[in-house]
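S.K.: Work the whole structure out from these sequences, hints included.
Protein chains: 4
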Amino acid sequence: MDNHTIRGFERYGVWQPERTGILLIDPYNDFLHPDGKSYFKSKEVIEGVHLLDNMKRVINTARALSIQVFYVPHHRAEPTDYDHWKYPTTTQLGTKERQVFAKGSWGGSFHDDFQPQPEDIIIKEHWSQSGFANTDLDLQLKQHNIDRIILIGMLANTCLESTGRFGMELGYHITLVRDASAANTWEMMHAAHDLNGPTFAHAILTSEELVDILNGKPVPASEK
Amino acid sequence: MDNHTIRGFERYGVWQPERTGILLIDPYNDFLHPDGKSYFKSKEVIEGVHLLDNMKRVINTARALSIQVFYVPHHRAEPTDYDHWKYPTTTQLGTKERQVFAKGSWGGSFHDDFQPQPEDIIIKEHWSQSGFANTDLDLQLKQHNIDRIILIGMLANTCLESTGRFGMELGYHITLVRDASAANTWEMMHAAHDLNGPTFAHAILTSEELVDILNGKPVPASEK
Amino acid sequence: MDNHTIRGFERYGVWQPERTGILLIDPYNDFLHPDGKSYFKSKEVIEGVHLLDNMKRVINTARALSIQVFYVPHHRAEPTDYDHWKYPTTTQLGTKERQVFAKGSWGGSFHDDFQPQPEDIIIKEHWSQSGFANTDLDLQLKQHNIDRIILIGMLANTCLESTGRFGMELGYHITLVRDASAANTWEMMHAAHDLNGPTFAHAILTSEELVDILNGKPVPASEK
Amino acid sequence: MDNHTIRGFERYGVWQPERTGILLIDPYNDFLHPDGKSYFKSKEVIEGVHLLDNMKRVINTARALSIQVFYVPHHRAEPTDYDHWKYPTTTQLGTKERQVFAKGSWGGSFHDDFQPQPEDIIIKEHWSQSGFANTDLDLQLKQHNIDRIILIGMLANTCLESTGRFGMELGYHITLVRDASAANTWEMMHAAHDLNGPTFAHAILTSEELVDILNGKPVPASEK
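Going down the list, the protein sequences come from chains A, B, C and D. For the first sequence, position 1 (counting from the first letter as 1) is numbered 1 according to the working numbering, and the numbering increases by one without interruption. Going from the second sequence to the working numbering is simple: count from 1 and add 224. Going from the third sequence to the working numbering is simple: count from 1 and add 448. Going from the fourth sequence to the working numbering is simple: count from 1 and add 672.
Keep in mind the hints are simulated off the structure, nothing from the lab. Treat the hints loosely; a few may be bogus.
[Unchecked claim] Straight-line alpha carbon distances no greater than 20 Å define the calculated EDC-like cross-link-like pairs of lysine to aspartate or glutamate that follow:
#1 B/K310 with D/D866
#2 A/K86 with C/D568
#3 C/K534 with D/E690
#4 B/K310 with A/E97
#5 B/K320 with B/E242
#6 D/K758 with C/D660
#7 C/K544 with A/E18
#8 C/K534 with A/D147
#9 A/K86 with B/E242
#10 B/K310 with D/D819
#11 B/K310 with A/E18
#12 C/K489 with D/E690
#13 B/K310 with D/E791
#14 C/K534 with D/E682
#15 B/K310 with D/E690
#16 A/K41 with A/D147
#17 C/K544 with D/E682
#18 A/K86 with B/D259
#19 D/K758 with C/D595
#20 D/K713 with C/D642
#21 A/K86 with B/E234
#22 B/K310 with A/D35
#23 A/K41 with B/D418
#24 A/K86 with C/D595
#25 C/K504 with C/D660
#26 C/K551 with A/E119
#27 A/K43 with A/D53
#28 B/K265 with A/D194
#29 C/K534 with A/E119
#30 B/K320 with D/E791
#31 D/K758 with C/E458
[Stated by the list, open to error] One side only, chain B facing chain D, incomplete, derived with CB under 7 Å:
#32 W309
#33 K310
#34 K348
#35 N358
#36 D360
#37 L363
#38 Q367
#39 N369
Just so it is clear, CB atoms sit at the ideal spot from N, CA and C, and this is done for glycine as well.
M.R.: Below you can see the structure in the form of structure tokens.
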């Protein structure tokens, strides 16, 4: 565990399950299933970090500890998207063109391994990267008395990073999980977790480290 | 000019001066002056991109074209900062410890080359990275009828990137200027402009390219 | 027309159709149809101001002038709403109890006279009063280049007033239409349009006055 | 105590001091001192409710119980305010014209009875009515772990009401204090506390009732 994170635990303490939320970001077939439209882009990283196993492990631990799970889904594509927008991004236009996460499609459905349970909360769809922007995520977190969020899902340097950056500005404690997210390249993973992550996230660690600490394992001591 | 940016001009047109704003982010002595507290961290990049010359060139062009300039300043440090906050970031605690941009100090003053003019607008200080978070930046842009923002200043991968990410989510057209910002390492510059920038920014170009187009030079044609 | 509004036209000019949006707030059967669950509460005012006729007249004029129409719908009730919220309001709990605007129900459907057309934009559902809070309304207005909003629908002193108050803080020009909204009592109408409206709205007028000016009739001169 | 408020206590419990904040809104000489520029407008209500005595009583009780006090100040007027804004409100233009709460003036200073103490937090100035809009109020409340806010100061139907409406949408528990705020007319007080307040506030009571409950007096039982 890096010193940034260890010192964070010394300062902020560890997660209290009842004040912590898991944000499951964009767990769509198009991202996570080998037959999904965007899988090929991140295939190397997804498989390299064992993404699905780690996401499942984090979610299972969360459910066992009654940590609230929030689905944070991207806008489902429709053919008329952005037709009259002034400034859609290149990514939005590309997603529309390819109808990634198309509304009502298999690709725009949640992956079988990540089906919502009755007690989960589904946040409104976000239009671009941040799960907080133009949605009810902040309200739902507040109404559930949650002040720490753990971000998992896709993609590390876009939706997760923007959600983390926004969440920090809103006052939340932010946790990134190195191998429970993926990106299109290893360089983007490095940027998300090693270059930018430490500037806004309070803890950056592996799924194993996260699960161990949630389960009560002591935090290692920081280097002197 | 990269194809991302050229195609952007084809889609969105070029900047109209009266609907464009320059965001001058954190132009403090502590960042920009060789005697400033944080200069040494970014010295190699600042000098490598000729940051001050390029910032001046962009600002001068903006003033000549009556493009509105907005100062977007970071919180000025005070000794009691964050004393009772739950989740200040490591960066905030470090900035407090070293009293970077200290209130009332030379380091927390704007660099001599970037003194506000009477017609400039000073946005409220931001607490962390995004110039939009917890400030009146969005309101001021709206009240001035501005829908495109050009981001210059410090640092490329933190304040500029977060301000760009937030601005995009709010519906603004975002321009990044490769050599009118700096970061602590070249790798961070690469992450800001080549890895992440294209996912949220509508134009990413050099100061020279920006100034040329603002002055009416035709945009190059995109590759077929 | 009151002097507040007339002087407003002198200051701000009249609406440009391409920069104006109509916000049609909560046009549900439960509010607007005599068989709706909440109709009886506002029946006297609805019928007294000829609400449906005036709403139709405003919408028809808007469509004829290509003014963009936005549906701004309240959350559709579900049986488990607010089960784990800390601080739902009395109104939210009452709405849940009575399942007003129930998801999938006739009461939670738009009134026959106010069916969305293909070019209309449906904003995400709001949880309480303000159409801006926790939704994409601000983003959609910006992406459509709109800086003035005309508010019609239900209720004058709750959803319309909060949407107007929020919109003003975000920098929009706000228009209230006295007889194209209703409330539970005449006293609440008076509070919305005569006591509070002038503190945040830029124009407060009747449907007839609104339609006339949209159609090009000159604005009356202000009293000297 | 009205039934709305009593049932609220049954639902939400009473205030925990460490999770509660007092918002002291616009306690300027221009509002609160007989020589202030706007005192005459609200004089009848200010004196009728014994505003200053009640505000002091609430603040003193808060300090005794270590309830965090937040100053929520209106923008201090400057001569060039709004010169290039598209849509300033009538109130903003009037305030500028009369230079109410002028920057650096006695009228724009806090009243002698409401001087900030070292442990108080001063929120950024708001431009119009809501203390949340374009400021760091939400962030500061979150960082101090506060989820309930008690609003006192000026004016009941503008700044307090908008701050309460915004706070509710953000997930906070809202308390209004009938005689620790004032307005220009009694009719406006009635609108703020009896017509609109119950639609967004969780508790609406007198200073005496508030202080008693904060000091541990049992809440009365609701009517059957």
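S.K.: Take the hints in turn and mark each one as holding or not.
M.R.: Okay, the hints, checked on the actual structure:
1. Restraint check: the Cα-Cα separation between B/K310 and D/D866 comes to about 37 Å, which exceeds 20 Å; the hinted pair is violated.
2. This hinted pair checks out: A/K86 and C/D568 have alpha carbons roughly 16 Å apart, not beyond 20 Å.
3. The straight-line distance between the Cα atoms of C/K534 and D/E690 is roughly 16 Å, inside the 20 Å bound, and the hint therefore holds.
4. Taking the CA atoms of B/K310 and A/E97, the gap is about 44 Å. The hint is violated against a cut of 20 Å.
5. This hinted pair does not check out: B/K320 and B/E242 have alpha carbons roughly 38 Å apart, beyond 20 Å.
6. Simply put, D/K758 and C/D660 have alpha-carbon atoms about 23 Å apart, too far for the 20 Å limit, and the pair is violated.
7. As the CA atoms of C/K544 and A/E18 are separated by approximately 25 Å, the hinted pair breaks the 20 Å bound.
8. Our distance criterion of 20 Å between C-alpha atoms is met by C/K534 and A/D147, whose separation comes to about 14 Å.
9. The hinted pair formed by A/K86 and B/E242 meets the criterion: a straight-line CA distance of about 16 Å does not exceed 20 Å.
10. About 14 Å separates the Cα atoms of B/K310 and D/D819, which keeps this hinted pair within 20 Å; it holds.
11. A C-alpha spacing of about 16 Å is found between B/K310 and A/E18, which places the hinted pair at or below 20 Å, so the restraint holds.
12. Between C/K489 and D/E690 the alpha-carbon distance is near 40 Å, which puts this suggested pair outside the 20 Å criterion.
13. Between B/K310 and D/E791 the CA atoms are separated by roughly 16 Å; this keeps the pair inside 20 Å, and the hint holds.
14. Our distance criterion of 20 Å between C-alpha atoms is met by C/K534 and D/E682, whose separation comes to about 13 Å.
15. Between the alpha carbons of B/K310 and D/E690 the distance comes to roughly 13 Å, so the proposed pair stays at or under 20 Å and holds.
16. This hinted pair does not check out: A/K41 and A/D147 have alpha carbons roughly 33 Å apart, beyond 20 Å.
17. Distance restraint check for C/K544 and D/E682: the Cα-Cα separation of roughly 18 Å lies within the 20 Å cut-off, and the hinted pair is therefore satisfied.
18. Among the hinted pairs, A/K86 with B/D259 is inconsistent with the structure: their alpha-carbon atoms are about 43 Å apart, more than 20 Å.
19. Using a Cα cut-off of 20 Å, the hinted pair D/K758 and C/D595 holds, with the two alpha carbons roughly 9 Å apart.
20. At roughly 17 Å between alpha-carbon atoms, D/K713 and C/D642 fall within 20 Å of each other, so this suggested pair holds.
21. This hinted pair checks out: A/K86 and B/E234 have alpha carbons roughly 13 Å apart, not beyond 20 Å.
22. Simply put, B/K310 and A/D35 have alpha-carbon atoms about 43 Å apart, too far for the 20 Å limit, and the pair is violated.
23. Distance hint between A/K41 and B/D418 is fulfilled; the C-alpha atoms sit about 17 Å from each other, no more than 20 Å.
24. Using a Cα cut-off of 20 Å, the hinted pair A/K86 and C/D595 holds, with the two alpha carbons roughly 14 Å apart.
25. Between the alpha carbons of C/K504 and C/D660 the distance comes to roughly 15 Å, so the proposed pair stays at or under 20 Å and holds.
26. The suggested pairing of C/K551 with A/E119 holds, with an alpha-carbon distance near 18 Å, which does not exceed 20 Å.
27. A distance of roughly 14 Å separates the Cα atoms of A/K43 and A/D53; the hinted pair therefore holds under the 20 Å criterion.
28. Our distance criterion of 20 Å between C-alpha atoms is met by B/K265 and A/D194, whose separation comes to about 17 Å.
29. Distance restraint check for C/K534 and A/E119: the Cα-Cα separation of roughly 16 Å lies within the 20 Å cut-off, and the hinted pair is therefore satisfied.
30. For a cut-off of 20 Å, the pair hint linking B/K320 to D/E791 stands: about 18 Å separates their Cα positions.
31. Distance check on the hinted pair: D/K758 and C/E458 sit about 13 Å apart at the alpha-carbon level, within 20 Å; holds.
32. Annotation: interface hint on B/W309 holds; nearest CB of chain D at approximately 4 Å, less than 7 Å.
33. Restraint check, B/K310 versus chain D: the minimum CB separation of about 6 Å is within 7 Å; hint holds.
34. A least Cβ separation of about 5 Å between B/K348 and chain D falls short of the 7 Å threshold, and the interface hint therefore holds.
35. A least Cβ separation of about 4 Å between B/N358 and chain D falls short of the 7 Å threshold, and the interface hint therefore holds.
36. Because the smallest distance between the Cβ of B/D360 and any Cβ of chain D comes to about 4 Å, under 7 Å, the interface hint for this residue holds.
37. A cut of 7 Å between beta carbons decides the hint on B/L363: the least distance to chain D is about 5 Å, and the hint holds.
38. A cut of 7 Å between beta carbons decides the hint on B/Q367: the least distance to chain D is about 4 Å, and the hint holds.
39. For B/N369, the interface hint holds, since its Cβ comes within 7 Å of a Cβ in chain D; the closest pair sits about 6 Å apart.
Violated hints, in rising order: 1, 4, 5, 6, 7, 12, 16, 18, 22; the structure is consistent with all others.
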